[in-house]
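Engineer: Combine the two chains into a complex, taking the hints into account.
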Amino acid sequence: MKKFLTVIGIIAIIATLSMAFPKTALTDSQSDTTQISQSAPVAADDGIDEVEAATGGLKKFFAYTGFANVTSGHLIMLVVGLFFIFLAIRYDYEPLLLIPIGVGILIGNIPFMLDAGLKLGIYESGSVMNYLYFGVTAGIYPPLIFLGIGAMTDFSSLISNPKLMLLGAAAQLGIFATFLGALILGFHPAEAGAIGIIGGADGPTAIFLSSKLANGINILPDGTTVKNLIGPIAIAAYSYMALVPVIQPPIMRLLITKKERQIKMKSPRAVSKLEKILFPIIGLIFTAFISPSSLPLLGMLFFGNLLKESGVTKRLADTARNALIDIVTIILGLTVGASTQADIFLTSESILIFVLGAASFMVATAGGLLFAKVMNLFLSDDNKINPLIGAAGVSAVPDSARVVHVEGLKSNPNNHLLMHAMAPNVSGVIGSAVAAGILLSYLL
Amino acid sequence: MIINAITIDFSAINAFTTSVALVGYAIVFIVLLMLAFVYGLIPKVIALDTRRRMKKAGKCDDCEIADTEGDTTAAITMALYMHLNELHDEESNVITIRRVSKQYSPWSSKIYATNPYVRM
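Protein chains in written order, with numbering that gives the first Met the number 0: chain A, 0 to 443; chain B, 0 to 119.
With the rest of the complex left out, here is chain B (with noise of 0.2 Å):
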């Protein structure tokens, strides 16, 4: 039943049919192409601009605008991440267990936790 109802008609592909295919994948094409350059711009005008600003400020004459790749970032972050975690105020480093004067407390005391007989 279903292969009665395929129909193969190949004038079905003319000229309007053929150039919405072409026409629209060549598009595609087109505004990716675009914005892939547009994108891979991006970063070159904000080094650009970090350069001159950089240069302004009197930081850096010739800077060299690297790079850095995500490893390396993530790396970077993780060890500062570590080392500030690490860091304390200041301890006398003296530890002591000082004996303390009294002994006895009715918290420690085992009698408090019997139950007491009731004779009825």
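One chain only, chain A, in its complex shape (with noise of 0.2 Å):
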């Protein structure tokens, strides 16, 4: 009550301003260029009553406010905000993705008089919104996100154990299958390949390749511009990225037996500092010679990680790993967010690509999983795998790796998976990438 008392309070002075300076009050809506300023009545000069002035100012306040300018798919969109907000509190899904993710919504789905020239949207043109934007859609955020990465991955477990490598390229198996998937729904080569990239399951990835496939600049042959689709695909991602913890373990259970799931692997030999710092030189001169579309990526990738092996570059790696990353996270998780406006986002394509990122998931997962399996058929009884680890092949660091070894630890109390899942998770990460340097050489 008290706090009603008082909006009213302020409306009522504010009207009260107005008729005792109507002289003011028409320099203001003079200087305005608006439509609503035009069709505001004009008071004082002509004589007009001036109550009929203050409620006019009133008027046009109120047709700037969000209560004037909402629509159903505002009011959507918002809930899913505040939904996203809810998941990464209650349930702490991907937290530091979804707070940003869902502010952001919150941020890009507040109601506004469009043509206003407010400079409020993420679209307009010289808003601030759409100078940070500018970071995703020119692909500069994800490449800083993969060198914070590689700056904070421990690849041993990998170097260790390369043949687990072949996990994470199984498990690309999604990105593939969803590209002819969104092919035969009708998208377009490029946004299918931006599309099936989902399945890759590394949100940094999907804005890179979506940002150069499916930007809403290319022309396409038929002379047509392909759609912007960097929102609906940057939400996929992360979304199914968050739901790994619901979306993989029903895939486990239904494909890898009791018993298999009690394997209990060798644990990873130790790997000496020589063969750290080799590793990301390697990777790096290897994977770009081969796939250079992906150099953005793994290049950031790979020098991360020497930032950290390398032992004398201790502060780049501390703030490429901590500072950096945190606040290229902060930026891109609000921009993405805030990339759904409810009249870009709320499209059927929208819905078909949700559709396409959670088959995408099972695929990958599952392409893991039989793959490791089909592994376990050539080596022999000493140096077998637990299938689940091919589940860790969708990159999604760590927490694949971590559901996992929580599948693992239910089969059995002792067998802990977690560094051996590592290995597939992060060659995942290589994985993805490379299959988004093919993609974008081939549809570009």
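Calculated directly from the structure, the hints in this document are not laboratory data.
Treat the hints with care, as some may be off.
[Claimed, not checked] Partner residues are not named here, just some residues of chain A that face chain B (Cβ under 10 Å, in silico): (1) Pro161; (2) Leu163; (3) Pro188; (4) Gly195; (5) Asn227; (6) Ala269; (7) Phe278; (8) Ile281; (9) Asn411; (10) Gly430.
[To be verified] Below, a list of computed lysine-lysine pairs in the DSSO-like style, where the Cα atoms sit at most 30 Å apart: (11) B/Lys54 with A/Lys275; (12) A/Lys383 with B/Lys43; (13) A/Lys162 with A/Lys409; (14) A/Lys372 with B/Lys43; (15) A/Lys272 with B/Lys58; (16) A/Lys313 with B/Lys54; (17) B/Lys58 with A/Lys275; (18) B/Lys43 with A/Lys272; (19) A/Lys162 with B/Lys43; (20) A/Lys265 with B/Lys55; (21) A/Lys272 with B/Lys101; (22) B/Lys43 with A/Lys263; (23) B/Lys43 with A/Lys275; (24) B/Lys101 with A/Lys275.
[Claimed, not checked] Far from chain A, some chain B residues (derived; all Cβ distances over 12 Å): (25) His82; (26) Val93; (27) Pro105; (28) Val117.
Bear in mind the structure is a predicted one, so any value in this text is a computation, not a measurement.
By construction, the Cβ of each residue, glycine as well, lies at the ideal position given by its N, Cα and C atoms.
Structural biologist: Given below as structure tokens:
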């Protein structure tokens, strides 16, 4: 009641002031170039009723508020944003991503007068959000995120057991299967490629590829412009990454027998410092030569890892894995969330992208699991691998490895699979970046 | 509305798009297979070099470089750390409580902790 009276009081003061100083109100309305000001009643000089002028001012104020411009689309997206924040806080699903994205969705979907030239919307040239969004559309943020990932990731488990890299390759099945699925559903090959990368379960890679292939700028061979799918793809990729603990376990239980889930793997061997230093150097040169299009991502990933492993650039590695990646994550999450402006996001294509993304994740998980079973056919009894770790081949570092670990513990409380699962997990990052490079070179 | 928007068109799966999918997947596999091969080779090369250097230094003629498991290394490291942390300078090991000669000190006097009554 007290708050209500305060609001009414403020409105009454504004109304009284505008009546007391009609000249000022008139000057203000004349300087305004919007449509509303032109249609608003002009007071004082023409002798029009002063009360009418005051109500005109209030009407103008109301026309600018969110209440006057709200649509059902805005409300739906606001609920989605709140749901993301709820998931992050209540269930701890990737809170570092879902909180910025959720708040970004709220910011991007606060209704305002679109044609008033306020420069507020993320798609309005000159707005602050538009400047921040440039890092997404130009593909600047994903490589910086990869730099941080490289500087914080320990590749020891992968180096000690390199054959597990193949699981990271197998899980990329989701990317190419979804690519074909998107084509069948009527997407252009470039758009289909961008949608397919959701199966890589790697947010930065998905944003990078969609900013190149489905950015709303490129002209297709038939003269039409490619659709801007960055927002839906990024949201789908990050949502499914957050939902890894929900999506993967049922597929694991479906495809892997209880006996297989209990397989204990040999502890990884200790890796020398020289091997750790050689890993990023060889990886960078090798992958860049085969797939140069993946250089922005893999170049930064391996660079970050060299900063960490060289041991002589501790300060740079610390910055890359802490301050830098945190800053970029905040801006990236916020702008990706804000890019889901209702009028652009709420389309039938977005729904299809979400369906394809879910399918892509499932196929990728199944691909990794089944390939692990196939690998076991060729391995000796001592070197058998627990097929559960195949599910970690879909990047989603380190969530999918954590899910594998938890599922392994359910079958055998003494079977700790985390370190083993990290190997396909990080090779999945490399695999999805290579796949993105291949799609880019084919479809751009 | 959404169901109406879905168009299923298998003609989009042509030679080009199929080759993108198949060749793309194959390349991912080949890249990671080759990386796995190279990374598998590195420890062997390092072991070979170590053996050669040890032989040259005359330390060992037919040494076997064993792959120690991470757990074992961690256990050895922990044991060494604990051992080294327990080392001290040589001590007399004689603990005595010596009675101090001066019992009174103004620092332990209770009178200084009381507030004087001020008569107005």
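Engineer: Each of the hints needs a verdict: does it hold here or not?
Structural biologist: Evaluated hints:
Because the closest C-beta pair between A/Pro161 and chain B is about 4 Å apart, less than 10 Å, the hint holds. Hint on A/Leu163 holds. Least Cβ distance to chain B is approximately 8 Å, under the 10 Å limit. For the restraint placing A/Pro188 at the interface with chain B, the shortest Cβ-Cβ distance is roughly 6 Å, inside the 10 Å limit, so the hint holds. Satisfaction of the interface hint for A/Gly195 is found here, the shortest Cβ-Cβ separation to chain B being roughly 9 Å, below the 10 Å cut-off.
Contact between A/Asn227 and chain B, as hinted, is not supported at the beta carbon level, the nearest pair being about 17 Å apart and thus beyond 10 Å. A distance limit of 10 Å between C-beta atoms decides the matter here; for A/Ala269 the minimum to chain B is near 4 Å, and the interface restraint holds. This hint holds: A/Phe278 has a C-beta 7 Å from the nearest C-beta of chain B, less than the 10 Å allowed. Taken as an interface hint, A/Ile281 checks out: its beta carbon lies about 6 Å from the nearest beta carbon of chain B, inside 10 Å.
Evaluation of the A/Asn411 hint against chain B yields a violated restraint, the C-beta minimum of about 17 Å exceeding 10 Å. A distance limit of 10 Å between C-beta atoms decides the matter here; for A/Gly430 the minimum to chain B is near 5 Å, and the interface restraint holds. Note on B/Lys54 and A/Lys275: the hinted pairing holds, with a Cα-Cα distance of about 25 Å set against a maximum of 30 Å. Proximity of A/Lys383 to B/Lys43 is assessed by CA-CA distance (about 22 Å); at most 30 Å being required, the pair is judged to hold.
For the hint pairing A/Lys162 with A/Lys409, the CA-to-CA distance comes to about 26 Å; that is within 30 Å, so the pair holds. Distance hint between A/Lys372 and B/Lys43 is fulfilled; the C-alpha atoms sit about 27 Å from each other, no more than 30 Å. With a C-alpha separation of about 23 Å, the suggested pair A/Lys272 and B/Lys58 falls inside the 30 Å cut-off, and the hint holds. The hinted pair formed by A/Lys313 and B/Lys54 fails the criterion: a straight-line CA distance of about 35 Å is larger than 30 Å.
A hinted pair counts as satisfied when its Cα atoms are at most 30 Å apart, and B/Lys58 with A/Lys275 qualifies at roughly 27 Å. Taking the CA atoms of B/Lys43 and A/Lys272, the gap is about 15 Å. The hint holds against a cut of 30 Å. A threshold of 30 Å between alpha carbons decides the hint, and for A/Lys162 with B/Lys43 the separation of about 15 Å falls inside it, so the pair holds. Distance restraint check for A/Lys265 and B/Lys55: the Cα-Cα separation of roughly 34 Å exceeds the 30 Å cut-off, and the hinted pair is therefore not satisfied.
With a C-alpha separation of about 62 Å, the suggested pair A/Lys272 and B/Lys101 falls outside the 30 Å cut-off, and the hint is violated. Taking the CA atoms of B/Lys43 and A/Lys263, the gap is near 25 Å; set against the 30 Å cutoff, the hint holds. Between B/Lys43 and A/Lys275 the alpha-carbon distance is near 14 Å, which keeps this suggested pair within the 30 Å criterion. Straight-line distance between C-alpha atoms of B/Lys101 and A/Lys275 comes to about 66 Å, which puts the hinted pair past the 30 Å bound.
For B/His82, the non-interface assignment is confirmed: its Cβ lies about 19 Å from the closest Cβ of chain A, beyond the 12 Å cut-off. Every beta carbon of chain A lies more than 12 Å from that of B/Val93, the smallest distance being close to 45 Å; the non-interface claim holds. Residue-level check passed: B/Pro105 sits 53 Å from the nearest beta carbon of chain A, beyond 12 Å. At roughly 50 Å from the closest C-beta of chain A, the C-beta of B/Val117 stays outside 12 Å, upholding its exclusion from the interface.
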